[in-house]
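Chains as they are written, first to last, in the working numbering: chain A, 1 to 347; chain B, 1 to 467.
What the hints contain is simulated information worked out from the structure, not anything from laboratory work. Just so you know, not all the hints are guaranteed correct.
Residues from chain B that keep clear of chain A, each with C-beta distances beyond 10 angstroms, as calculated [to be verified]:
(1) Q61
(2) Q237
(3) D314
(4) Y451
Taking lysine to aspartate or glutamate pairs in the EDC-like style, the calculated list, with each CA pair at most 16 angstroms apart, reads [stated by the list, open to error]:
(5) K104(B) - E46(B)
(6) K41(B) - D151(A)
(7) K187(A) - E169(A)
(8) K6(A) - E428(B)
(9) K280(B) - D297(B)
(10) K104(B) - E373(B)
(11) K156(A) - E51(B)
(12) K43(B) - E321(A)
(13) K2(A) - E373(B)
(14) K333(A) - E428(B)
(15) K2(A) - E412(B)
(16) K402(B) - E289(A)
(17) K83(A) - E35(A)
(18) K2(A) - D379(B)
(19) K402(B) - D291(A)
Ideal placement from N, C-alpha and C gives every residue a C-beta, glycine not left out.
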Amino acid sequence: MKMVLKLSDSVSAIPDPTDDIREQLLSEDMERFFEMLMEALEPQKPYLTKVEYELYRRGKKLRPMLLLLSARMMLGPQAALSKKVIQGAVSLEMLHVATLIHDDIVDHALLRRGLDSVNAARGTEKAVIIGDMQFVQAIRGFVDAIDTQQDMNLVKLVLDTAFRICCGELDELDTDPTWHTKQLVSKYMETIERKTAVLFGLACESGISLAAGRTGETRRGGFYGRRVGRAFQIMDDLLDFSHSGASAGKTRGMDLRHRRLSLPLIYAMEELGGEHIVSRIMRGADYTEGDIDYGIKEVMFTSAYARAYVDARTQALEAAEYLRPFPQNRYRKALEQLSLHVVNRGF
Amino acid sequence: MKKPIQRIVMHLEQLHNDANDTLTQRSVQLQDSAVYPLARKVKMPESFGYETGALSFRLQQLILEGTDQLQWEFDTPAEKDQTIKLKLSLEQVKLTGTYALGTKPDPIVTMDTAGNLEELPEEACHPQAAGANDSGDNTDPQVEQWLDQARDERKRLMDTDNGIRLLDLYNEHNEIYEEVFRENTAMKTTWKAGGVTKAMSTDTSEAVANNLEINAKSYVRSDTQQTVTYNNNAFTQQLALAMNTAMQDPDYDPFESDSVPQGKYLEAAKATLSFGKVVKGNTDNDKQNINPLKPDDVYSTVDSHQGDLPTVDDREVNQLVQQGANPGGGEGGDAMVWTVLDEEDRSMLRTLFESNLKERAEKSNFVGRPLFEGTCFADIGKVNAEVELSVGEVGSEAVVVKRLDLPAFALEIDDSKWTGDIGKFAAERLEGIYFIRSLLYNDIVQNVERYLREMILGRYRKASASL
Chain A
1 MKMVLKLSDS VSAIPDPTDD IREQLLSEDM ERFFEMLMEA LEPQKPYLTK
51 VEYELYRRGK KLRPMLLLLS ARMMLGPQAA LSKKVIQGAV SLEMLHVATL
101 IHDDIVDHAL LRRGLDSVNA ARGTEKAVII GDMQFVQAIR GFVDAIDTQQ
151 DMNLVKLVLD TAFRICCGEL DELDTDPTWH TKQLVSKYME TIERKTAVLF
201 GLACESGISL AAGRTGETRR GGFYGRRVGR AFQIMDDLLD FSHSGASAGK
251 TRGMDLRHRR LSLPLIYAME ELGGEHIVSR IMRGADYTEG DIDYGIKEVM
301 FTSAYARAYV DARTQALEAA EYLRPFPQNR YRKALEQLSL HVVNRGF
Chain B
1 MKKPIQRIVM HLEQLHNDAN DTLTQRSVQL QDSAVYPLAR KVKMPESFGY
51 ETGALSFRLQ QLILEGTDQL QWEFDTPAEK DQTIKLKLSL EQVKLTGTYA
101 LGTKPDPIVT MDTAGNLEEL PEEACHPQAA GANDSGDNTD PQVEQWLDQA
151 RDERKRLMDT DNGIRLLDLY NEHNEIYEEV FRENTAMKTT WKAGGVTKAM
201 STDTSEAVAN NLEINAKSYV RSDTQQTVTY NNNAFTQQLA LAMNTAMQDP
251 DYDPFESDSV PQGKYLEAAK ATLSFGKVVK GNTDNDKQNI NPLKPDDVYS
301 TVDSHQGDLP TVDDREVNQL VQQGANPGGG EGGDAMVWTV LDEEDRSMLR
351 TLFESNLKER AEKSNFVGRP LFEGTCFADI GKVNAEVELS VGEVGSEAVV
401 VKRLDLPAFA LEIDDSKWTG DIGKFAAERL EGIYFIRSLL YNDIVQNVER
451 YLREMILGRY RKASASL
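Starting from the given sequences, assemble the full structure and let the hints guide the process.
Structure (structure tokens):
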């Protein structure tokens, strides 16, 4: 017997479980989600353009999916999800979109999901305010939907999460590439915790809590979500080196261009040494397009790249372990699949 | 000084046809892959030595063969050109190697480390289908009652500013505490020792329900028959949590004199100690001194506390660890941060330190062992490349691979010895590892590119030297 694994330069044939989850497992819940999202955007309608609507329309809706799956894992398929669960998913997506808009401003990114970023289309000043508006509307919508004291705790959690996201964004701008690797990794993990993981954690925590889960279950859901979030961010950093412009809607090597200390870059700087062009770019040296192309190849050729991938996989596998005490149903199975899918995607 | 380009081309062609050419290699060796984690807590075959293990996958001894079967064509350059364009092909490339599917012990966590720190019921470790059978509720009614009570008390705490601050402080470190209770055997053992903590939970529940004194009772340990007070056990657990949390820091090296616990582990240990300080400072309760309090007293104490929560210096945690590391260790340090401990506490710290060292040593010895090993093979086929050799000034020569076409190919893994459920499971997991496949594909591309660059540059230098 021989097991056969196909290898190629194309990722087109890789199955994506998020499609099935969105279109089958959660089809009704997602329909309600999109309806409520449109309602939530209604008060902002005079201020939004096609660019922002496209931003909401595109994307995999991973965070709302995590929230809905977490709630369904507790309630099973029969129970109707309450309005506050759907609103929770909507608020989460709005929080996420707010961070995307602000990220693009900070990065001076002109493209997002293959289209003009909000700052590219409408200028930085308007983009800042549009981003803020999404933050505020996310929380307003959530407060309107809740109805118990326990849910009030969630509002605090949402506000704490929004605060931490902002801290994470600032932390990222305040990292010095000359630090030791250990210090850089520690700072990186702290940054991605705030920038990405807390929102994934919030998705699962609030899904379970809004479905009347116990404190321990809610907390465990948060632990799962945060680990998925960490794995997701490390993978995002890895894919920044490998994706072509067409497949990701992004320019390759953005982290190197922007001197953003991602995990593969931190490990690669250690492996390549301080005088390597990658390390010098990260410390502020001028670069050419050729330097970036060369740097990308060099980073991918180091063992640092695989080392960062091992870290992502470790987080994803650990995430799935937190699901073990939960009821065994197809929603839990889908959450397990999602944690693996995050790290299994090819490039 | 510039070299005459057409003569270089001629020499390159001669080198290419030279049967004794040493610059082409029959094979190119790739680095072993990383050890990729594949799955956690997988049921091991009968009599394997442990019940559940973590699976990993690694490719080793990877060799690209057929790299000497090189064909090349030149676009003959004009004499003024500084670049030679080459079309290269490796006619029949094959990949050979071995793989190891490894495993190491990975026990299932049976304590509810994210919840009430009780043992999880069997059903929760191996749960039944949810939403399908409402009668399958196996929750312990006593645990349920405690949880309801805890929820009510939390709400009551959340009604006060100080209560919110307290909860926020400990919530901030929840994930670290969860890790300590999940991973640290010394902590789990201390927590469960003699059944005292569980008995305290029962009594605390009753005291809270009836506004009775919470901390007036004594308990007989089921293991040593020793009598311990409520305060004694509570402060011992608090100290053990601080110590084990500090020891849990993976970057702390107990064998390096200048290494100290840091970061989130240090902060969580400090938060634990600060709780002891706030209790001592506000109620005059400590391990020895018992000042009985009713729930209403606790709430009024929380309400009436003025100012910030007590701070804990980093050095206090370090001294705890030092006391664990050396009999008499940590003494003579800065008196301002000295935590006064009795011999019982110091003895416990030493025991915890040793237990943590032992556990670290055991875990580091878990290098794993192969569950299944075998060969892997791929018939990659023809690889085409377009390469530019810039000759220019002496010393500025460069080779750029403009394009490299590596065909899609199938990696065959000999799984003939993969047996049982674990074999099926491993195969299922490997099927899904698209990223690792991409890494291997990319690694091959990069190795072929590097090989071609170095080989052509070597030939150029040789040709150039002979002019």
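- Query: Which numbered hints are broken by the structure, listed smallest first?
  - Reply: 6, 11
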